[in-house]
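Enquirer: Sequence:
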Amino acid sequence: MRPADDLCALLAHYAWIDALLAQAPAALRTAAPAVSGWDAEHHVAHVALANELVLRNLHSLAAGTGALVQRGGEPIPEAHALMASGVIPRGRAQSPRMVRPPERVDPGLLAQWLAEARAGYATLDPASIVASEFKVPHQLLGPLDAVQWLRFGAVHTRHHLVIAREVLAAQGVAMPELRAPTASADC
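Residue numbering for the sequence shown follows our numbering, beginning at 610 and increasing consecutively.
Incorrect hints may have been included.
Unchecked claim - The calculated label-pair distances, taken between Cβ atoms and stated as ranges, are:
1. Ala640 x Gly673: 34 to 44 Å
2. Ala724 x Ala635: 19 to 29 Å
3. Arg611 x Glu683: 16 to 26 Å
What the hints contain is simulated information worked out from the structure, not anything from laboratory work. Just so it is clear, the structure is predicted and the values come from calculations on it, not from any experiment. We put the CB at the ideal spot given by N, CA and C, even for glycine.
Go ahead and model the full structure; you've got the sequences and the hints to work with.
Expert: Below, the structure is given as structure tokens:
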């Protein structure tokens with residue numbers, strides 16, 4: 610996908626999160642261990658924390674400077690397949706500590722995280738997201754450029770929202786299917 614498509618998908622995911630968070634708080638905070646160790650609210654909180662980091666990396670890469678910015682390097686071979694397929698295999702990795710949600714999620718803080726990230730993504734110009742020699746390493750995937758970080762953000766967000774939907778479905782709570790726009794023209 611192109612950066613414009615990935616950005617569009619991310620923003621559509623945030624709209625879907627609004628619908629998810631409109632569910633009864635008890636449903637959001639009830640785990641379905643057969644589906645996931647986290648409840649739906651934890652998946653959304655993880656996405657909020659991870660996307661804050663993705664956004665920060667995008668800004669550093671656009672500036673070409675930052676504590677984590679490096680020149681060159683390639684992601685691990687599996688990263689290319691993940692980015693192309695848009696699917697993260699389930700159950701293969703644990704979330705890094707810095708983006709792991711707290712045991713008890715504060716709804717007000719979660720709303721703030723989501724609003725800040727949504728606003729940050731809404732102000733991005735997709736034309737400014739370009740492949741370059743500047744990379745920021747991902748803990749598991751290796752060095753990623755801006756295009757790859759944005760793609761990861763969209764794919765990772767969808768991955769966790771699909772799981773959150775399944776957690777709610779296991780409780781009998783119906784949510785619409787998570788559909789990303791097929792092209793940025795749909796935004």
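Enquirer: Hint by hint, which ones does the structure fall short of?
Expert: none
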